[in-house]
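J.: Position chain B against the provided structure of chain A, taking the given hints into account.
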Amino acid sequence: MKLNNLVIKNFIRNLNNYALYIFALVFSVALFFSLLTLTLDENTMEEIAASTPMSALFSVGSVTVVIIIILFVMFANMIFIKRRHKELALFQLIGMNRSKIFRILLLENFVIYFGSLIGGVVLGFFISRLLLMLLLKIMRVDMMVEMNFSPTAVLITAGVFVFIFIVLMIQNYVFLKRSSLINMLKLNKTSENTGKPIGKMTIVLGIAGILMIALGYYMSQTMFDRAMENPILLPIYMVAILLLTILGTYFTFKYSVAFILNMSRKSKNGHVNVNDVLSVTSVMFKMRSNAFLLTVIAVITAISITAMTLSYITYYSTDKMLDSRTPYDYTVSHAEDLDFFEDLLTENGHEINRVEKTFMHYNIVRTDENTDIPENENSSMNSGEMGIVVASDAEFDNFNVAQNEAKVTGTIAVLDMFMSFDEGAPVTFTDGQEFERTVEITETMSEGVVPPYLSFGLPTLIIDDAVYQELAENKPEETGGFEMPSELFAFDIIDGDSEEVYELMDQEEHPGFNSRLKEYNEMIQMSGMMAFIVGFLGFAFLLTSGCILYFKQIDECEDEKGSYKVLRKLGFSQGEILKGLALKMIISFGIPLVIGLLHSLFAVKSGWFIFGIEMWTPMLIVMSVYTVLYSIFALMSLVYYRKVVRNSL
Amino acid sequence: MLLKATDIKKSYGNKFNRTEVLKGIDINLNKGEFVSIMGASGSGKTTLLNVLSSIDNVTSGHIYIDNVDFTTLKDKKLADFRKNDLGFIFQDYNLLDTLTVKENIMLPLSIRSMSKSEAETQFKSVAVQLGIEELAQKYPGQISGGQAQRTSAARAFIHQPKIIFADEPTGALDSKSASELLKKLQQLNETLSTSILMVTHDATAASFSHRVIFLKDGQVYTSLSRGEMSQDAYYREILDTQRVLGGVVDEAE
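In order, the protein sequence lines correspond to chains A and B. Quick note: the first sequence uses this note's numbering, first residue 1, plus one each step. Quick note: the second sequence uses this note's numbering, first residue 650, plus one each step.
So here's chain B without its partners, still in its complex pose:
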């Protein structure tokens, strides 16, 4: 088991006015697994992702990656941890406007000692897989949203982390760019056997993953595995579950 979280609780506010966002969540993620987290707005899915990805602290509970509990790690260790094991994709891409696409992608490699040629090979391989190698010398301001998000994905994959955390990666994309990106993610997930944990509200996006975990009011409501289902059937299952959950059913075709 790659990631194991037990009894995660997270609350905000002060002593007098406390809101509990996560009310004790247990989650497991296997190596090479692609898992989606779904839930209505305010169900705590982004908070859960932030906590699992070490961006935010837990109020209580433990998170193990490869049997190391990072909730107790200090900044320096935690930084090492992010450097080697984690990759991130955000809804708003988080690219630096002042660096070219290639430089943005190479950023994670720049803080480790890696030979130039080695770094170049790494870059080539992800860029080709994500279809952005012609964009290498462009600046983020000059490329489309879909291309920017693929750049962001390339940056997340380039140092071959164990887990990639993706927060609504398709949220700002049109449906064509979105499904293109998801296909690429699926591919990379299979070829590199990198685990992916993705938060989404889009049932189509979720249907690309192996397993969907539904949150409701800060707790795991249910989960759904694709198993041997076709993507279409799986998609319909997800929609049904969403309907039962009482969340917003969007873009039902």
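Bound-form chain A, shown alone:
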């Protein structure tokens, strides 16, 4: 029996311990490789990423994936090498020197890494096809999916993994060099600073941590309002919020959790049951010593959920955004252009529906409620007034407004920062002199009737025709020689717009126009691509942080084997012990998740309106999907615990 045989046999018998690790590795390789294949595929890129910022997005994505993978693999490697200290120590005891042990580790890792590399590339090739189909579906592009196997992608992937391999070997070498034999033999006996009493400092810092997070949340909700008053505050606020929440998170894990769990423990006055032994008391100390790791996981979770939510909000809001910004299939600048296109399209068998509308810009009185723009001395507007677009309900058939009422159209969330119209609030028109007319807002909607380039991005108020005529009579003289736009020329294609119509119109000698279809394609492709990449990264984050928590649980499980044995000898049933362990899983996985979700909830709430129109639906969808996927890791840990508990007697 030669040493190598023994080592190989030992490794193979240990393989089920490595199963998830190998799975995660294969998956990381596959993710990276498929992303790379997409990026390197010229046909694909030509089709979906005509502009450079889009392909740049892909590169940023790949680099981020590499960083995630490196950190994950280093962490997992550390856990595994520590788990194997007993074996490594034994090898040294029977007279193997360190360089020989290093060679064994090298061989093992070589097999693991390059096996995963090959597996990952194969899997990645198939995934890349799926991913491309998914991406095209998200971007709503019709294209034949045809992927070529890219040798360049294989080379780059191999290069990256060779680099990771070298990093790991350095890590292993340093570990072996640093740890003396005595420490290796004792490694399993050094508990993670268990049994330290909860001191006054813990309570103070524990409360401080929670307060810091609360303050950060509070600041995040007022950030944009404050920043509107003084733009310099914005970066200061952002840095302060980040520091407060991240430090607060750390303190929470380090002190608050221990302190809160300790209160519940104290209230039991020594009458701990099996649930407490397995969950509360264990987690209390474990959380404390893993505070840094848990902070990283919670912060990463928060960042990825926030990013995914925001990009999904953009994607989800595309249709509504379009309804708000581009209400008609085509808009043109002049009545003659409209005639021109009508002739052209009718000739080619496309019926159109002409839209010719008039409206006017009128001033309204500023009040504290309806504006958030600070008074500005240099403003071209007269102080106390601001301009808005007004249209008559006679012009727009589907509106019917009572005499003293107004409907606000085309108001999107981001406008709230500048002006806000609340249902039920009064709005007063003024000519700047003595004339004033007040109406009440009865409805606000995100659909628009006047494109933003005519309304200067502001909402449009629709009022009763009588009021409109009254305003028109009292319209002040235009000053400054600049004539506000007051007419809108647009048309809809009755049978529905199509690429064909667009091609027909889009000739160099034809007058210029705005196409809803074109705008839609641009928006959906940009936001779809963004959502895809961010979702991809979020998934990689989820996978790695889930695996890390799982490995951590395996590690703890092995350490606590003895307790299960004792408990079962004392007469507790498997079910009772597992109930306690389930509680432990809920706490260990739940607390980082809940903190991450809360962080992202507040982050999204503070700035979502920049990204789109809807917040709750897309956010809840992202959060629930994340939670479900994340829970799988908690369940897997519980399954592992069950196996150990069952075998403990």
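Keep in mind the hints are simulated off the structure, nothing from the lab. Some clues are possibly wrong.
Simulated crosslink set (SDA-like; lysine to any residue; CA at most 25 Å straight-line) [claimed, not checked]:
| # | chain 1 | residue 1 | chain 2 | residue 2 |
| --- | --- | --- | --- | --- |
| 1 | B | 726 | A | 176 |
| 2 | B | 726 | A | 101 |
| 3 | A | 9 | B | 794 |
Everything numeric in this text was worked out from a predicted model, so none of it was measured.
T.: Chain B in isolation, oriented as in the chain A frame:
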């Protein structure tokens, strides 16, 4: 003289908070001698064993085995040293769960060039002497504590080292398995004339050895040789010394 240690000192901690565990110990061990180290908890007996067996470093002092001072050796030389001259038995057996009993025992042979048949003979001889040859194909999870410890002992003996270091080998065993193991150790000690240095807190275990060294607060307090005494008388002597030492007197029958 096989092992000779002079003025061993060992301290832990940093500059500001230092605890001296061994405060200058001299120990000698002759070829074929079976010596026990006893002492109360915290007297430094396990630390002494770790230091003498090259698992831990000394803070100062020298340890010679066959006149070679291994406190100054580098990792590679030290590894050779462990490979050829030393064997280990631990309280918690330290067997690899993934290897069979036979593979565990053969582990020390696997790193030296030895023919298959030669290795097989070696294995046979220790396995028979320790009464575990039927267990060869079993995994450590399937055997009892006493059997596991005998496996561990077989692994320590198989490459015929000069000294075997045993740290509380009977600590986790019931009294029957413990005395069985000790009898086997005694036998192997006599037939192979391998020296044994054993740390124990159990006077019964210590009564199997030729000589008992008592530690107190990091120093050698006294030592006791069996000489021509019967094991029973020797055992009582050990108990008396322990009582004087003020340590925990356990399992006095």
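J.: What hints, given by number in increasing order, does this structure fail?
T.: none
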